[in-house]
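Protein chains: 2
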Amino acid sequence: MSQEARERAVLAAVRERRQQVNDAIDDDLPVAEPERLYEASRYILEAGGKRLRPAVLLLTAEALADTSDTPPYREFPDCIGGHVDVMSAAVSIEVIQSFTLIHDDIMDDDDLRRGSPAVHREYDTETAILAGDTLYSKAFEIMLETGAPPERGLRAMRTLAETCTHICEGQAMDIDFETRGDVVTDEYLEMVELKTAVLYAAAATLPGLLLSADEETVEALYNYGLRVGQAFQIQDDVLDLTVPSAELGKQRGSDLVEDKTTIITLHAAEHGVDVDGLLDAEDPADVTEAAVQAAVQALQDAGSIQYASDLAEDLVEEGKAHLEVLPENEARHRLEQIADYLIERGY
Amino acid sequence: MSQEARERAVLAAVRERRQQVNDAIDDDLPVAEPERLYEASRYILEAGGKRLRPAVLLLTAEALADTSDTPPYREFPDCIGGHVDVMSAAVSIEVIQSFTLIHDDIMDDDDLRRGSPAVHREYDTETAILAGDTLYSKAFEIMLETGAPPERGLRAMRTLAETCTHICEGQAMDIDFETRGDVVTDEYLEMVELKTAVLYAAAATLPGLLLSADEETVEALYNYGLRVGQAFQIQDDVLDLTVPSAELGKQRGSDLVEDKTTIITLHAAEHGVDVDGLLDAEDPADVTEAAVQAAVQALQDAGSIQYASDLAEDLVEEGKAHLEVLPENEARHRLEQIADYLIERGY
Numbered sequence: 000m001s002q003e004a005r006e007r008a009v010l011a012a013v014r015e016r017r018q019q020v021n022d023a024i025d026d027d028l029p030v031a032e033p034e035r036l037y038e039a040s041r042y043i044l045e046a047g048g049k050r051l052r053p054a055v056l057l058l059t060a061e062a063l064a065d066t067s068d069t070p071p072y073r074e075f076p077d078c079i080g081g082h083v084d085v086m087s088a089a090v091s092i093e094v095i096q097s098f099t100l101i102h103d104d105i106m107d108d109d110d111l112r113r114g115s116p117a118v119h120r121e122y123d124t125e126t127a128i129l130a131g132d133t134l135y136s137k138a139f140e141i142m143l144e145t146g147a148p149p150e151r152g153l154r155a156m157r158t159l160a161e162t163c164t165h166i167c168e169g170q171a172m173d174i175d176f177e178t179r180g181d182v183v184t185d186e187y188l189e190m191v192e193l194k195t196a197v198l199y200a201a202a203a204t205l206p207g208l209l210l211s212a213d214e215e216t217v218e219a220l221y222n223y224g225l226r227v228g229q230a231f232q233i234q235d236d237v238l239d240l241t242v243p244s245a246e247l248g249k250q251r252g253s254d255l256v257e258d259k260t261t262i263i264t265l266h267a268a269e270h271g272v273d274v275d276g277l278l279d280a281e282d283p284a285d286v287t288e289a290a291v292q293a294a295v296q297a298l299q300d301a302g303s304i305q306y307a308s309d310l311a312e313d314l315v316e317e318g319k320a321h322l323e324v325l326p327e328n329e330a331r332h333r334l335e336q337i338a339d340y341l342i343e344r345g346y
Numbered sequence: 000m001s002q003e004a005r006e007r008a009v010l011a012a013v014r015e016r017r018q019q020v021n022d023a024i025d026d027d028l029p030v031a032e033p034e035r036l037y038e039a040s041r042y043i044l045e046a047g048g049k050r051l052r053p054a055v056l057l058l059t060a061e062a063l064a065d066t067s068d069t070p071p072y073r074e075f076p077d078c079i080g081g082h083v084d085v086m087s088a089a090v091s092i093e094v095i096q097s098f099t100l101i102h103d104d105i106m107d108d109d110d111l112r113r114g115s116p117a118v119h120r121e122y123d124t125e126t127a128i129l130a131g132d133t134l135y136s137k138a139f140e141i142m143l144e145t146g147a148p149p150e151r152g153l154r155a156m157r158t159l160a161e162t163c164t165h166i167c168e169g170q171a172m173d174i175d176f177e178t179r180g181d182v183v184t185d186e187y188l189e190m191v192e193l194k195t196a197v198l199y200a201a202a203a204t205l206p207g208l209l210l211s212a213d214e215e216t217v218e219a220l221y222n223y224g225l226r227v228g229q230a231f232q233i234q235d236d237v238l239d240l241t242v243p244s245a246e247l248g249k250q251r252g253s254d255l256v257e258d259k260t261t262i263i264t265l266h267a268a269e270h271g272v273d274v275d276g277l278l279d280a281e282d283p284a285d286v287t288e289a290a291v292q293a294a295v296q297a298l299q300d301a302g303s304i305q306y307a308s309d310l311a312e313d314l315v316e317e318g319k320a321h322l323e324v325l326p327e328n329e330a331r332h333r334l335e336q337i338a339d340y341l342i343e344r345g346y
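Residue numbers (numbering that gives the first Met the number 0), protein chains in the order written: chain A, 0 to 346; chain B, 0 to 346.
Possibly wrong hints are sitting among the right ones.
Stated by the list, open to error - Chain B is faced by these chain A residues, among others (derived, beta-carbon under 10 Å): (1) A39; (2) E161; (3) I342; (4) G345.
These are computed hints drawn from the structure, not numbers from a lab. Only a predicted model underlies this, so the values are computations on that prediction, with no experimental measurement involved. Yeah, the Cβ is synthetic: ideal placement off N, Cα and C, and Gly gets one too.
Same shape as in the complex, but just chain A (with noise of 0.2 Å):
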């Protein structure tokens, strides 16, 4: 299959879940008292998002399932004769993803978020902190409402919260790396695990806790979230160097800029290159797009955009592989293709 249409039978497959989650994510999050509260929790979850947490979580139960008809999600049968309602687990995760966009925004100061203003902006820090705050509790309650027997329902309830746990961690890493010249590669690797791959295998893992898969499938597929988690934080490094700013939604090479430690600037650094003075203006709007551009060639040059590349797709292929524990059939196959297309995508 090429690359474009491999590109089209993801997204397919995404939009095709997507409209259950949107449903779902306000049947299990209504607006409620005090109203401004909520509307300010739901804001960055109704500025759309394309679902691929949810989206993974939801083929990883339809690969376990091994069906051809799609079982409905809010009464999934599991491996043991049980029904699980595995969308409350997809909104659960969705929901804690959003918690942390809106703090992560506070925290970066970042002034828009999918286009739109973030949260502390179009209300106030004091509001999306609470509203933060609130989507962080509403994720355990919701994840409470897969009607798994309690023992599994308690799996999924301690594998919410460490993810949590790690992702804070991961975000702590991250801001101490602003301040530190002397970052390895294994330590922001570790990083991108905790902050952002975590979720992913978290996603990939609930099926196979909730519907009482054996310890070897649960296993693999947290790697493959894992793995595929990293792969697609390193594209996210990558396309900040190599995407035009319109396409991207934010100044080409931002991360630059902002003195962002990433795998590139990692590996430019240990090859000679003056990562510090490649970009040395205070704001992002003040740099000129010919200064992106020279950046970008030196990082070119010295192999380091390539080198991302390179392991991001590495990952991509450690992660495909774990996925040999579900049987053949079309979900697994869409979550092999999921994984190709986080490293092909543009943005």
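Once you have looked at the hints, place chain B on chain A.
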């Protein structure tokens, strides 16, 4: 028993348990990597605090156990022959309390907490947001360590998640009240129930859930916590006006300066007092002691402070009455005394 003797007994009971709670916090929330994040997360917990909520939780467990010896909290006998680690639940509740303090201090832009700099002052706002977020998920992780059978463990998780959502809703209402002129008493009491009382209710209920008490007992314990928690907050409002600044650890009358809605200002406004005009300085530091005294006198003349004290006393009596579901023993007696103490305390 005189008020003084009762206060001594309560403080002794709380103190006896505080060291064990502090040791358990060290065990359950060790400083992990990234160190700075965990140090910031533990900062308020290490700054002190009476550990009132954990004391309520542990005493409720003891009252339910109804033995003259206190069983070890980490292996506490349940009502049907098993054992549960109730200390984990106590730590979890204190960790949640600490998370809310960190985020509240950011939202209220308060500089001091328990006589030390607030976390966002000692560290920075980014770290404080993240420290609160870390405590949030850690509280859920710690609650998973009670060793209770899965069904009870899940109910504890549900109580914790719903409690956190309520606290956010209450805080949102409190912020909303600052810019509204038409708040009524019932709304205020609902805000206090959500923002403050539900955590006391959770503390009192969790041993019932974890030790498998009957539903009538569980419900009564919840109502004990709710009423006592509301009384606690109303007493805080009274103390803000009646205790000298030096003892209070902050400017007396700060609620008036900050235009906070309290049960006292609501009563005063209903009785013809121009509450907004009582103290109209921009900065608490500009307010003279004489101005505060005059404002307090006006509220006293309107009967508003007495009204609040009477209401707190009624709530405490109502709360204590719910304890009748417990066997008569020393721990139950201490829970009654704690309720009295919360409205008799000087600060």
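Check: Quick check: which numbered hints come out false for this structure?
Finding: Failing hints, ascending: 3 and 4.
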